[in-house]
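Enquirer: Chains as they are written, first to last, in this note's numbering: chain A, 1 to 326; chain B, 327 to 693.
No false leads were mixed into what you were given.
Capping the alpha-carbon separation at 30 angstroms, the derived lysine-lysine pairs in DSS-like fashion look like this:
1) B:659 with A:108
2) A:215 with B:678
3) B:659 with B:391
4) B:678 with A:282
5) A:279 with B:678
6) A:189 with B:678
7) A:279 with B:659
8) A:189 with B:659
9) B:659 with A:215
Facing chain B, according to a computed beta carbon distance under 8 angstroms, are these residues of chain A, among others:
10) 68
11) 90
12) 96
13) 207
Calculated from the structure, these hints are not laboratory results.
All C-beta atoms, glycine included, are put in the ideal place defined by N, C-alpha and C.
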Amino acid sequence: MADVIDHPNRTAGSDGRATDARTATGYNFAYLDEQTKRMIRRAILKGVAVPGYQVPFGSREMPLPYGWGTGGIQVTAAVIGPDDTLKVIDQGADDTTNAVNIRSFFAKTAGVATTERTPEASVIQTRHRIPETPLTEEQILVYQVPIPEPLRWLEPREAETRKMHALEEYGAMHVSLYEDIAKFGRITKSYNYPVRVNGRYVMSPSPIPKFDNPKMDRMPALQLFGAGREKRIYAVPPYAEVKSLDFEDHPFTIESWEQCCALCGAEDSYLDEVVTDDKGGKMYVCSDSDYCEQRRAAGHRGDGGDPSYAARHEIPTDRTADGDAS
Amino acid sequence: MYVAVKGGEKAIENSQKLLAEERRGDPKVPDISLDQIREQMSLAVDRVMTEGSLYDPELAALAIKQARGDLQEAIFLLRAYRTTLPRFGDSEPIDTAAMSVRRRISATYKDLPGGQVLGPSFDYTHRLLDFALAAGDTRPAAEIADAPVENGMPRVTDILNHEGLIETEQPDGDDAPVFDLTRNSPRYPADRAARLQNLARGDEGFLLALGYSTQRGYGNNHPFAGEIRMGEVTVEFAPEEIGFPIEIGEITVTECQMINQFKGSASQPPQFTQGYGLTFGHGERKAMSMALVDRALRAREFDEPIDAPAQDEEFVMAHSDNVEASGFVQHLKLPHYVDFQAELVTVRALRKAFEQQTGDDVPDAAE
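Only chain B is shown next, with the shape it has when bound in the complex (with noise of 0.2 angstroms):
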């Protein structure tokens, strides 16, 4: 039978078998569990969890295993899973003013009520290989404080406003339904919640480079790291049932809040302005870079020109989403033989018009 029209089930069948063996690696290697991964590669669980909209730190480490630690196949594997699961209805909006806070710092005071509380950071370390984790590691555990965290600290966005220099976040009212980007397609212009959730999900190295490019003045707004906050946070659901809500667990989440500059306009006084941003787990670069975009992309709002980039709604949005990037960027391994032909015919006529024209023999491309 002629080879290039069949086969293709049994070729994809073998190609399945070969990844799942090149997946287990030397099985003279152990095989590594969920609970290794999910504690020794704990950021690269909430970066999953996070991208892919999920708070599951153990489904998150069997996406990462099965996806051989590629993680932004795991965080597609992690979506997949998500779209199937049924829906109770919108939490309550978490209180991140009451997190059991495990770091926070902030680059706009010295200090503030609850002080700086470094917390578990790679920001004080010296990046050396560390030789002695290659034979196995046998650190102590770190000591306990004399003290614990203070419970409750102010979020400096609070403080800034007791003197009316910052806007104030202005929530929508209890009733007003939350927009689901999962469940809607965006329609532009978009509304920040839209706009949110969809840097929420987004790509962190797609939103690291916008972040980075507002830097370098590509939509520059003059950014303060007011404050980076991460630690536990309980999840309340009132069940229409109860009418009450009720704690149902609690989460890791870290937040960023960004304040920037604004020099007024002709309807709002001088005063700071903020970008957000939040993920779960600890993900300081992504929250960071979340919300200097998202003050990027509030241009509009404070009548600022618009100009790059990151300000650019309809492109940030359309291209944020790794898991539909991906697909789209991959999708050009699947066979285009059908218009690669009409492309064919359509040079060849060409060509043989530019001949008929020229009276030449055209060379070919590659003399």
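So that you can see chain A by itself, here it is in the shape it has in the complex (with noise of 0.2 angstroms):
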């Protein structure tokens, strides 16, 4: 890393041993020291071990701000190596701020390949979404979690929810949804929907869409989340049972649109909404933004939305009379 601070009292010459310890680059491997990766890596075995419980962990002070993906990267260090392959996703997508941030970050600290591309990777940390792609046996899913006690918004004192989540007392959380049917007829939680893990913890599934709830159920890859603030850290096994919150009467549903992706034409993708003009125009484009690209690289095309905007920016239709060509 070229932007490290070297203490200038410590540069050659006036401590030759301080600046041995700390080389050019600095930092460990993924910049935490492997103390604190064991530390970490305890923590998680503890998560997996006891699935959707909140383990408190060392969290330890990132380069990067509290509420930016500090826990992810804290749980990213912990299990990567030299021969892993890290996709970042943030909102979906690979090239939003904090995304471009975190990768770059892992790119200096670890020097690990890192890529877009959902099935290349063997590491996916992640900001509020689960990729579209499926994901295998072979991943590890990292999310980032700003606050993971799911109780929280019911009762704000942590020593209460702990002793909440000791005794399964999850009534308040029922009556909390109970509550939103009696006044709205539905339940109007869109995101952050809560899940009860293995017929035991409730867990925050992170600030998803629940539209990604029923892909943590069973899932082949490792789901690990991290709340570096808060400092906890909890996990989901391999295809352990994920279920959503719901009552009989009023099953657990997701979102659905009218429309389908303007880009690629997906109908089974989590859609953004993208402001065209000031005159309410807008479309509807994939979040997951490796999903898209990969289906358009397949051939599939939408509407691109309104057509002088489509134009504008040189988005190829399905419209377009050469639409197929890439």
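Got two chains here, separate frames each, mind docking them using the hints?
Expert: Here it is in structure tokens:
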């Protein structure tokens, strides 16, 4: 790392030993020291052994701000090896600022290969989405978690919520979902929708849209959750049952759109709404940018949304004569 | 290529370049040196060292320069560096009674052994902008006193202790492990050592407001500034190989001991109680605020009702750290397209249901 701060008094000459210990790169593989990684791995193992249980850990201060993925970064740093290939997404996309920052952080401090292609990645760090491409046993999905406690909005005190989990006291959560139904005729929670893992712990899936909740259930990949500021790690082992909370007469449902992706025509992916003008014009595109790209590479096209917008931005559509040309 | 999805990497690179340029300001103005910051912005350096939990004036000055004078950003920079440093062990407790005192005042006694030593302080200045400073400082150095300040001034709390009027601080055993908040996640209820560590790293503004709130009745505990002292103390460390403590350096600290009324409880006689504050460098405002909040947080210990924010340990400890708070507040700048889209879908569905129910068109929110 070129921008490593070297202590003015610790440069060569004034203190040779300190200079030796902190080379030009300055930091250990994947930034964290081995002791810290061991501590985090212990927390991860405990999390895997008790699915959905929030394991307190000695979260470190990272060179990225709290709330910007420090938990996910620490988990990734603890599980990643030199042979891994890392993919980082934020809101489904590889090219958003947060994802770019974290990817370049690991490219610098660990020198690992990075990719934007979901099937090629062995470790995927994500903020707020699960990729549309199904994951495999060979992959680890690391979630960045802002508030790990699903009961936090019902009870702000950690001392209380830990007790509620220990006693499996989840009535309050069901009551809050029921109150939604009584008031609005439906559960209005649209993201960070609470799940129950392995029939025991109620867990926050992190603020993924509820659209992604079903993907967590019996996922072949290991799912790890890191909350740096709140100093908690939790996990869902491969193939574990993850059930979104609901009621018999109000079963869990996911979002659907009347439109399909304007770029690739996908009907099965989570769509972002993009505003195209100031007169209410908009189009819908895949939130998972890699999924969208894969589909377009395979020749799929959407309708391009507003024709003038599509023309201005040179978006190939199913309406263009040579729409299938790449 | 579709612009909203691509181009992040290049944009970030350019943003960083622009930031570097803004930080430097007008290149015709000389670059500020770390020496200048350390010597002439010393209270900023002290605050950054205190809340950054790292005693290193050079690095604090660098952090301030790099952060363009944004002290919370500088604190964050120092913390992120500190976390990578190896730990050799715990130092011996510092002895503030043996401090080389530069300032020492008590609000509880008019005179006391060692006397009142005003030292350097804004307290006795008129807050008038000094236009002479703008033209460059040519002031002569302060005069040197005929006799040095007395060494080894007793602390006011020790004086009170002769009469048993104040609770005595019971040190943990010599071999008791030192809790380290930066290596362990806090558990509630927390012990006082964990609380004091949290307050020492806590944001000065947050503690100031909380301390102030106790004075205005939100958890009042009748404080007196028993003593505030600032000066140099030695730091000792006992390496395992040697087996006895050796002096490894000297640091400047500010200590505040608040004395608070206590009417006694079923198990304790009426006596004064203490709130404690300590900062690196010269940080009286922070040390006093910390002492007020420390005392307020001891409510449980003294069977006092807990009904004010400053007495609520989980509330205070979970929100005092400005690196945590600043990160989480500002993370709202990160994209939330996905979550917002989920909310859009829900709100539209709710409006549709509402329309069907009432048979009316729902007016636009803007109308």
